[in-house]
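J.: Whole structure, please, built from the sequences with the hints as guidance.
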Amino acid sequence: MNQQPFLRIFTAPATLCAVGFVAAMVAVLQYSLRAYVPGSLDPGGFTLANFADLLKPLYARVFLDTVVVCAMTAVVTLIVGYPLAYALVRVEQPILRSILLVIVVTPLFLGEVVRTYAWIIVLGNNGFINSLLMSLGLIGKPLQLMFTPFGVVVALVHVTLPVMVIMLAAGLSHIDRDYSRAAESLGAGPIRVFLTVTLPLSLPGVVAGTTTAFAWTFSAFATPQLIGGGRVNMISNLVYQLGFSSFNFPFAATLCVAGLALTALVLGLLQLASRPLRKIEVH
Amino acid sequence: MKPSASAEGEQTAVHFDAVTKRFDDVVALSAVTLGVGRGEFVTLLGPSGCGKTTLLKLAGGFLGPDGGSISIEGKRVNDIPTYQRGIGMMFQNYALFPHMSVAENVAYGLKTRRVPRVERDKRVADALALVKLKGMENRKPRQLSGGQQQRVALARALVINPTVLLLDEPFSALDKSLRTSMQVELREIQRKLGLTTIFVTHDQGEALSMSDRVAVMSEGRIRQLGSPVDVYRSPADPFVASFVGDNNRLRGQLVSVHAKQAIVALGDALVNVPGESLSGLEKSAAVDLYVRPEQFSIVAPEEPCAIKGSVVAQIYQGGHVDLQIECSGGTGDRLLVRSPGEQAVLRWPMGAPVGIAIQADRCSVFPVG
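As they're listed, the protein sequences go chains B and X.
Residue 1 is where the first sequence starts when you use my numbering, and the numbers rise one by one after that.
Residue 1 is where the second sequence starts when you use my numbering, and the numbers rise one by one after that.
The reader is advised that the hints may include incorrect statements.
To be verified - Have a look at the derived ranges for each label pair, beta carbon to beta carbon:
{"#": "1", "chain 1": "X", "residue 1": "P81", "chain 2": "B", "residue 2": "P83", "range": "19 to 29 Å"}
{"#": "2", "chain 1": "B", "residue 1": "V105", "chain 2": "X", "residue 2": "G146", "range": "32 to 42 Å"}
{"#": "3", "chain 1": "X", "residue 1": "E342", "chain 2": "B", "residue 2": "Q4", "range": "15 to 25 Å"}
{"#": "4", "chain 1": "X", "residue 1": "I80", "chain 2": "B", "residue 2": "F150", "range": "40 to 50 Å"}
{"#": "5", "chain 1": "X", "residue 1": "D203", "chain 2": "B", "residue 2": "P276", "range": "37 to 47 Å"}
{"#": "6", "chain 1": "X", "residue 1": "G146", "chain 2": "B", "residue 2": "R61", "range": "51 to 61 Å"}
{"#": "7", "chain 1": "B", "residue 1": "A18", "chain 2": "X", "residue 2": "S181", "range": "54 to 64 Å"}
{"#": "8", "chain 1": "X", "residue 1": "R334", "chain 2": "B", "residue 2": "V105", "range": "49 to 59 Å"}
Unchecked claim - Incomplete in silico selection of chain B near chain X, CB under 7 Å:
{"#": "9", "residue": "E112"}
{"#": "10", "residue": "V113"}
{"#": "11", "residue": "H174"}
{"#": "12", "residue": "D178"}
{"#": "13", "residue": "Y179"}
{"#": "14", "residue": "A182"}
{"#": "15", "residue": "G187"}
Said to hold, decoys possible - Over the 10 Å line for every Cβ pair with chain B, so calculated as not near, a few chain X residues:
{"#": "16", "residue": "P98"}
{"#": "17", "residue": "L166"}
{"#": "18", "residue": "R249"}
{"#": "19", "residue": "P293"}
Hints listed in this document are in silico derivations from the structure and should not be mistaken for laboratory results.
Glycine is no exception: its CB is placed at the ideal position from the N, C-alpha and C atoms.
T.: Put into structure tokens, the structure is as follows:
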């Protein structure tokens, strides 16, 4: 009867994980619909008041900031990552290629917290950038880089870059070199070849990379917590404050559900907008 | 540029002069010299790794030579990038731009040349008419069959009036019947436009049927350059003899050599063979005879013949029959014999003892080693 006798055994752990995950999500959803009883860890009765509270300017503002920071991070990561991915795919010397790969991939193994601390050292008032600029006499007093959206975006770009580069490189490496050779044979110089052939054919990779970068950043916690220092708040930071400082579990859960819904919405819109690109078939 | 480009310069569209190319330590081409006349269809034929594609890429400028010079229309192009060479190229997988329509693909080379809109549209329409693809302008490449994609690739390469057309195994992805008709069609168009063409293939049938001249290559050298008939009838060396067309190799011993004639002993039999390639060779030296399957004829075993054996396989091919004959003497050597018509199927059944006679005046002989 069963054509793949091992399938059940292999899928069993996955099913267990999925059941656990679904249970957790149901719990979060359930909490988001309960009333907050100040001074108690147990929630009150069912209510929709939490979702109405989301519209308060204080919270709506955090959602907007999160979307803006994520969008900026995605765009900057794309701009920084594209040339890296292009070089990674097109560079022919094996040594140079290995160096590039190490530069791109190593941050992935360092973890968000370690990378963020590194950025604190770079961005701080007595940090690398300010020391350098001051010793060069370009500025009189330190620039405020820490605790600004700029600082958060810079650090998040670094966190997101490996994923972006890997996804872009995957897309670029699937483009047959004969396309650019054909364009050259037809009289197109390097810039024209890039703009009319390579770039359009890499757009599916660009969409995939940007979407992933956006979703990747949306749940960022350590970076905005440490570099934003309370002045740049993203959804995760708000969830942490409400859940673990105020012990308002129901509203923290509501924020989670709303954040999830917003991510799904933005990703859905991106997919919809990129639908025409799916017709590009790269053999 | 020499002003007196010489008579040869006026005739030659593409000239490779002692071109050498190395990949790391591997020599891909060693001092290859080849001139392709204007309007000529020259095929580079050889097994994979022989350097034929490398030579084509050098002509296209996708690679640079390590030594020697390449000129197109009398102008040295070693340092001129691909996009300024004015070539047309057809790729093995066609490399049609998947995000552009058929018309946009064909118009691409005209846009880079800044041809005005009206003229561009007209030339695209003409090129598509030439390859019989009228009405397909707005299709995307993936909506076309393999044969149609190939026509688009051809139109795209032709529309820019290239100085030379480079073809990199363009038929290898097509099925056999389509391939034959595309070959005929391509050759017709090439003749009509008088296009200088360099064609790369590993398929010797394709090379023989399409070319004005064939350059047989192996290990980075041109082993023989000549018309298809020359290459088939008078191979220059054992490699060409065994690579182009079917051939049987028979080991023999030189008995005597006399200017254009030589006598070779094959076992007990003596055969008269052309002797040009054997001059200066000592008596009783080992030689190899290359005999085409159609240069054998099968006779009854009691009749005079050079070799005796028995039929071990019959391959009926419609117009002719291929027979495999195992030579007697226990060596296990098999010979391929081609017999026109279909009588051989009944006349020489499996296992039948037969004799083989050789039309030795047309075979090729080379000293061993």
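J.: Which hints from the list above does the structure break, by number from lowest to highest?
T.: 3, 9, 10, 11, 16, 17
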